[in-house]
Every structure is written in C-alpha cells, then in structure tokens.
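Chemist: Listed below are the residues making up each chain.
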Amino acid sequence: MISVTGREMSISQWALRSLRLDSVLLVLLSILLLLGLAVLFSATGENVIALERQLMRIGLGLAAMLLIAQVSVHALRAISPWLFVAGVLLLLAVMWVGDVGKGAQRWLDLGFMRFQPSEVMKLAVPMMVAWYLSLRNGRPRFRDLVATAALILVPVYLIMQQPDLGTSMLVGAAGFLVVFLAGLGWRWFLGLGVAVAAAIPVLWSQMLDYQRQRVLTLFNPESDPLGAGYHIIQSKIAIGSGGLYGKGWLNGTQSQLEFLPERSTDFIFAVYAEEFGFIGVALLLLLYFAIVARGLWIAALAQDRYARLLGGSISLTFAVYMVVNIGMVTGLLPVVGVPLPLVSYGGTSLVTLMVAFGILMSIASQKRLVNR
Amino acid sequence: MAERDAYGEEQQDRERFVVRILLALVILAAILLALGWRLSGLQVGAHSHFTTLSENNRLRVEPIAPTRGVIRDRNGILLAGNRASYQLEVTVEQAGDLDSLLTRLRGYLELSEADIERFRRGVRQRRPFQPVLLKAGLDDETVARIAVSRHELPGVEIEARPLRFYPLGSKFSHAVGYVGRINQQDLQRLDGRAYAGTSHTGKGGVERYYEELLHGRPGYRQVEVNAQGRVIRELSVTPPQPGTNLTLTLDVSLQQAAYRALAGRDGAIVAIDPNNGEVLALVSAPGFDPEAFVHGISQADFSAVRDNKRRPLFNRALSGQYPPGSTIKPLVGLAALNEDVTTADREMFARGYFQIPGHERRYRDWRREGHGRVDLSRAIAVSSDVYFYDLAHTMGIDRMVPILGAFGIGQRTGIDSTGERAGILPSRDWKRATHDEVWFPGETLITAIGQGYMLSTPLQMADFTAALAARGERYQPHLLRAMDNGRGEPEYPLPVNREPVTVDGKHWDAIHGAMVEAVNARHGTAWGSVGSTRPEYTIAGKTGTSQVFGLGEDEEYDEEELAQRLWDHALFVGYAPAEDPRIAVAVLVEHGGSGGRVAAPVAREVMDAYLLEGSGMTLEVPENE
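Those protein sequence lines, which keep their order, are chains A and B. Here my numbering is used: the first residue of the first sequence is 1, the next is one more, and so on. Here my numbering is used: the first residue of the second sequence is 1, the next is one more, and so on.
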C-alpha cells in the first residue's frame, strides 16, 4: 500500500507524509526563509536581536503551517463561508473602534494580542469565492460574476476605508485570481479592461490638485527627490552598484551606510541585489518561480474544484506579492508598501503566507490519500 | 448517464483549469523575464554609472536637536530648565575584552544589572565602531575620575547631553508637567522629521500642552563619511532653532505657601486672579518627582508610584471630579434671585428637614435642629440646606441649570494644560441621555446643595469663584503669561474674555454680602476658623463638604465612627479682598471632614501669602538654580 511507486520509503519520506507535508515545497520554502534571514542580518546592520525576533516569527509561521496542513480540504471548505462572514464582521468592528478612536485603525486589540482582520481576508476572500464557485458548474456566468464581484468588493472596500490601499489591492487580486482560474470568459476580461480604462479619466477629473500631484509622484518618484523619490533613487543606486557578482554579504555600502530607507522591510530586495549581484537576483527569481510552479502543480492535481481554485489562487497571489515588491523596488511600479514575501522583516504577512502554504500542503496530501 | 455527465463536467473543468494555469505560468515567466531585463539593465548595463553614484554617496545629513525652551514662574524663577548630563559610552571595537573592562569600570562607578543588560543588548544591535550607552546621569566627580584615567579605559567616552531638570521638584509636578523618553505612542503623534535628533518630549501638563513651542526646530549638519560610515568632515551646518522660553502665571512663593498649607494632606488648591484669569497657584498633593521620568523610570519604581494609594500621579486640580457640595449655593442663590423665585429679604423658617408637599420622604439638613428664621444671606452664611431645598423646589431644575452652566459647571475651562475633565451638570436632558430615566423632583433638591450627580473639578470651582468675584466677567483661566523665542521682544498673549454671566447688579451685591457674612459673621460657617481670627483684609467665601459616603434618610454622619477614607471632602471657595478682589481660591482637602474647620484656614493661608507682603512669601529656591 505504501509503495505506490514501487520503491520503499525512507524514514524522512515517511515522516513528511505522516505530517502531511509536501517535500518539494518544504525544501523550496526553507531555502527562501534561510536566505531571507541572511539578508535580514545584513540589512539590519548585524542586529542579532532583530534576527532572533524574525527567527521566532518563522518558528511561529512553520508551526501554523504544520497545523493547517493537518486540516482536511473538506473541513477548510466547510468553514470558508463562516470565516468570510466573521472576517467581514471583524472589519466592521475595526471600523467602528476606529471611528470611536478617531483615527486610522487596522488592529483589533484582543487583550492578549493584537490582530489585523484585513490579514485574515487575504485568505478568507479566495476561500469564499472558491467555495461559491465550487457550488456552480461550468464557466462562471453573468450572475456568478455579479455574486463573486460582491464577495470581493465588499471586503476590499472596507479595507480601503481603514485606509490600507496596498492590502485591499492584494485581497482583491486574490479573489479575482480565483474567478480567472475558474475559466471566466475572455469577453468579460475585455469588458473589465474597458470599464477600468473608461473610469480613469472620470476619476482624474474628480480629483483635487494635490491629489493629482500625489498620483503623479507615485508614477514618477524622481520628481520628488526628498520624499518618495529618495527611496527609489537610493534603491536604484544600491541595485545598480551591485553589478553582476555583487559586493558580497555584509558589504553593501548603500545599505550598510544607511542610505537606503526601509532596508529591512519593503526595500530589502535592494540590499540583496547590492550584495549578491545580478547572478544572485536571477537565482532568487528562479526560486520564487519554482515555488509558484510547485504550488500550481499541487493545485492542478487537486481532487475537486474548490481545492483546485484555492490552491491556484494562493500560488498566484504569492507571485503577485513578489512581482509588485520587486517592481516597486526597481522603480517600475509605484511605491505601495508591499513586503517581499517571506524575506522582509515583520510578522503578520509572514504568518499569513505560511498559513496559505499550510493550505497548499493540505491540498497536496488530499491528492495523495485519494490516489492511494 | 447523469454520473457520466458529472464526470465529464469535472473533466472539462479540470482541463479548463490546467489551460488557465499554463497561461498564468507563461504570463509570470514573461513578467519575470521583464524584471530580469530591468535588473540586468541596472546591474550590468548601468553598473558603472551607479557605482560612481554609490561612491559619491558619501554625504549624509545628520539632525541636530534643538535646545528645549525653559519654563519660569511669573517672577522669572526657573521651573524647568536644561543642564548637561554626562553619560558613559563604550565603543566595542576599541575596548578589547568587555568583561574585563566592565570589571575595571566598577572601580569608578556603580553599574546595576539593568545597566549591563541594556548595554549588552545595545552591543548586539549596533556595529562594533558605534558607541553604545552604558550609564547615564554621571555626577561631576565620577566624570572627573574617569577623565583622569582615560588611558586605562580604552574605548570609553564621556558624552555630555542636555537633560531636563526641575529645580522645584514635586510641588510643581502637576502644574508644570514633565518630559519623558519618546516611546512608540509618541512616535505616532509627533512629526518624525522634527524629532529625528530628540530623545524626550512633553508628557503632561504645560510641558505637553506647549510641546510645539518648547521643542523648537531641529538643525542639520551635512557630513562626509568614509566607506565604513565614519564621519570624515563636516560640510555645512544649519543651526537648530531653540524652543520658545515660557513664562507662566504661577507664583513660586504662593505655590509653595499653598503646598505648605495643605500640611501633607491630599488635596488640591487653585488660585486665580479674577481680573484676568491668570492661574497663580495650581497644587495637587501629593506630587511626584518629575525627574524620575526624565531619566527613565524603572518598571518597579513606576508601578510603586502608580499603585500608591495616595495616587501621586493623579492631578486632582484638573482631573479630580468631586461633588461641589455647599460651595454651589451662592450660584443657586444667584439663579433664584435672577429668576425672581425669591428676594434678598424674604425669610423662611428652616427646620431640620424638608418635605416635598405630598411626599413622605424627609430631606435632612446637615444641622439636625435646623437654623430657625433665615433670609438668603443668612442661609448662605449658615449653609442652610433646607432653605435651598425650598428654593430649588420652587425654581425647578430647568431654571437652575442655565445659570450653573453659564458659570462653567459641566464644561472644561479650556486651561492650557492636559488632563482637564468637565465634571457633570445634571439636567433632564443629561439624565435621559446617560441613564435613560426621567428626572425626579427630589434630585432637584440635592442638586441645589451640590450633591447627587453634580461633579466639579477644583479648577472649575476656582473659575466660578473668580467669575463671582468679578461680577460675572469670565476670563479664561490660563497658565501662560509670556513667550520668548529669542528673536525680539517677549510676547504677552491677551487674556481671553469668555461669555459673561449677566445678572442685575443688586443681585451680585446680595450674594457678595452673603459670602462676606459666611466668613465674618459670628454665625458664619467659616467664622470659627477664619473670621474670628480677624484677618487684615475682608474675605468672602463659602464652605462646603462633599459627601464620599452615601447616608440613608435617617442615618447620621459621625466622623468618629467612619474610617477616614470615607470622611467627607472638605471644600472652601472664596476671594479677597472682598471690596476689590485680587485673588480667588478653591481648596479641596480629600477626606478632610468639615469645610469650615479644615479647608477655610488653608484658603486663608494662601490669601495671606498673596495679599500680605512679607508673610509666608519666603522663597525656597534650591542652590543649583
């Protein structure tokens, strides 16, 4: 029964299987996390305490992944609508508390810990959309489009009100990717594209002068060399001066001399690029691509529509994070404050991502169980 | 058939999914290639360009913290200043073996476990060539001894930094406030650019309220650094703009006299000049040592101060809300005259209790046997509760509330400090909004003697007393007298006149007369403790006791039987000289008992200190000023 492939399993294989972990994905993630720690150590100016803290978060993330991997896909599917409803209620609660406190509010204080409901929505929205579409057959029709649009836009709107533009866009992308993977017809994409293109001039004419100026700075940061432009200019110098081979670990002058702002969080990619050069960058992009591809592979082999859609969305959302961050750091995209996944310093996004990979692991083991 | 359909459906769905995935992978690969192209453009194509930029990137801008403005009293005596504080820093790369260095340093100064732990944390967070703080607040002798032995202590540096100090300490802690280290919460509130080089910020009182003025604007110096980040030379300097120096309306000698008059009891004293709203004294006792917060208070010490039963961190003068008790009677009397509910010469027989016609319940007077025949003036002087029950019953709450509101009950005065609370002015609307209940006639009665729901702060009491003294003129109470930013003449803000209380002149005369009677007539409640000692000027005032402990209808308050924490608060409000008021005072002695016996003499000492030259006006100024 165990020898599906006709070979005897080694102890480590057996351990991975009984823990319901996908070995390929686990190895790829571990490489990325270790690489991230090395870059972080350099980016924080050899701060051992920051390193320990990040290590603790990684431990927490791994534990969360392991835990979620044990939950069956059926159970995940069953809780999807409840998780979504709870998430929306929490967003409303945060809004209400924020109103009372008269300020931007993203956190809910539970007494023992602080908790960011918008982070839950990064998973709850694709789970909910996948749940809805798994009830329907065939390509999404018009009414499916309307229903899923509502499911996506309500939380997106609430998160935008916090205001947290970056997260709301990522939540929207995660939901949209599910609809895309479900086979939404091309004419809808065309329609969507036309609608967005038509909305831009209208929005633009509605904006005040200072708001327009802000948008222009977003797309052309060099026009504001002391504000947003400073980040991009310093970041490009860091990346460019790294050259083909890089300046070597702990030797990046841009980052070590603290010219580069946000170097341990949003701009950590520039530190990596300065110290490891273009060769290092190419390898990192490949590593990311491999993780995404493995995730999509797991999704493609999944046994039902829900698992397939959710697994696909999780993998592609991960790719979106990475592309948006690197695009931002290299000056191709506006600076919107998205961390480099699994590398940037900080706990919330790391734990959410590890939970997402836990779901992928769960999907992977479901496949195996059925095959067997 | 159906099953095969479902199977076919599933198969189709999966195929569609795989097509989409492949599509997504192709798009992703294209994007990654584009990113790679961009990166190769930066790292290979433009490498030499960026290398040049990176090598020229040796200029750094460092902030220079501005000097914080000092705070003085109205006579120029320093309340909050800056002095050099020496701290010891260690540069690890030059220090050699750290353990042996620390052992050697123990010969020069005391190092606590906490110091060493913080130092070791700092070492792990910084690069070897950056100095790390080991001990702050060194005294001159230690500095001198270490300076002499520098050659034996490689890597050890003494740094001088300006640090806030409060020469008059805890007596002014609530009036002036204090500064503390900038923490996470402060960072959200403050402009990060302006505070780049600053370590402390105002946390309470004037220090917090005028933070923007006191802080000043930071300067910058542009420096050139070498490849290791060490400063090679300074290129240009933009000097910081020091903070504005403030002169307060407080009078140090009066504040000290007020503190002394409380004689170690817990309470609050606020003295205001009724002619312009200047706050002359603002005492909340006990105070705390503001410098403990400047140096960074340990968690244990902070818990000890915070959990102290006497609550030294609580600003009773501004944040303490107490039932104003009988001190409210002059205002109620004024309302009754103004509303034509009574006249100054109408008399009534005040028994030991009052009953609303048709109701059983007896509202008792504080004096069991009653006060006999009283008119309004005598009713205020002897503090007859029954007279005011009767007045309130006739007037009704709706006619009483507006004038109490006009005197500021239930509203913040808007004083230029932090933590002020509004108190409560109960009314029909207020009760419906907060308790969702209708107003009962009995509540009107107890409101008229300042009990029940009504709450007021000592500052508010001094404020309405000042308005009484000034015949309805209401100047905004304030602590700031002058600002001096060093660029030109000091600036004196004009007193702000708020909406006055307009009442017929003869009504003012009647109430003023009654308040003089309360102190200076044989039957007045403040006669025994103040009037009988014949002060050199005429005091007008009103005593009050503020109930802490609710009594039943037939129960009697007996000081000897109650624990002191349940004793009434003693209150006195008054002004002097009665003919030409120069000072209005409110005194609260927590759990002091009777207002006449306990609070009135305190107010008198404060007035003496202000009005009589050479009496009690001895300055206690420490030498290190």
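Keep in mind that the hints were calculated from the coordinates and are not lab data. Quick caveat, the model's predicted, so the values are computed rather than measured. Treat each hint with caution, since some may be false.
For each label pair, taking beta carbons as the anchor points, the in silico distance ranges come out as [to be verified]:
(1) B/Gln299 x A/Gly337: 45 to 51 Å
(2) A/Glu52 x B/Glu10: 27 to 33 Å
(3) A/Gln303 x B/Gln185: 26 to 32 Å
(4) A/Phe142 x B/Glu10: 46 to 52 Å
(5) B/Gln185 x A/Ala93: 19 to 25 Å
(6) A/Pro261 x B/Ile27: 55 to 61 Å
(7) A/Ala198 x B/Ile27: 47 to 53 Å
(8) A/Glu46 x B/His49: 17 to 23 Å
(9) B/Arg161 x A/Ile49: 51 to 57 Å
(10) A/Gly347 x B/Ile158: 18 to 24 Å
(11) A/Gly337 x B/Ile158: 23 to 29 Å
(12) B/Leu213 x A/Val97: 46 to 52 Å
(13) A/Val97 x B/Ile158: 21 to 27 Å
(14) A/Ile49 x B/Tyr453: 22 to 28 Å
One-sided and incomplete, this derived list gives chain B residues near chain A with beta-carbon spacing under 8 Å [to be verified]:
(15) Ser54
(16) Arg118
(17) Val503
Just some of the chain A residues that point at chain B, by a computed CB distance under 8 Å [to be verified]:
(18) Leu135
(19) Gly185
(20) Leu244
(21) Gly248
(22) Phe289
(23) Ala290
(24) Leu316
(25) Gly347
(26) Thr348
(27) Thr352
(28) Val355
Where a beta carbon is used, it is the ideal one built from N, C-alpha and C, also for glycine.
Chemist: Quick check: which numbered hints come out false for this structure?
Modeler: 1, 2, 3, 4, 6, 7, 8, 9, 10, 11, 12, 13, 14, 16, 17, 18, 19, 21, 23, 25, 26, 27 and 28
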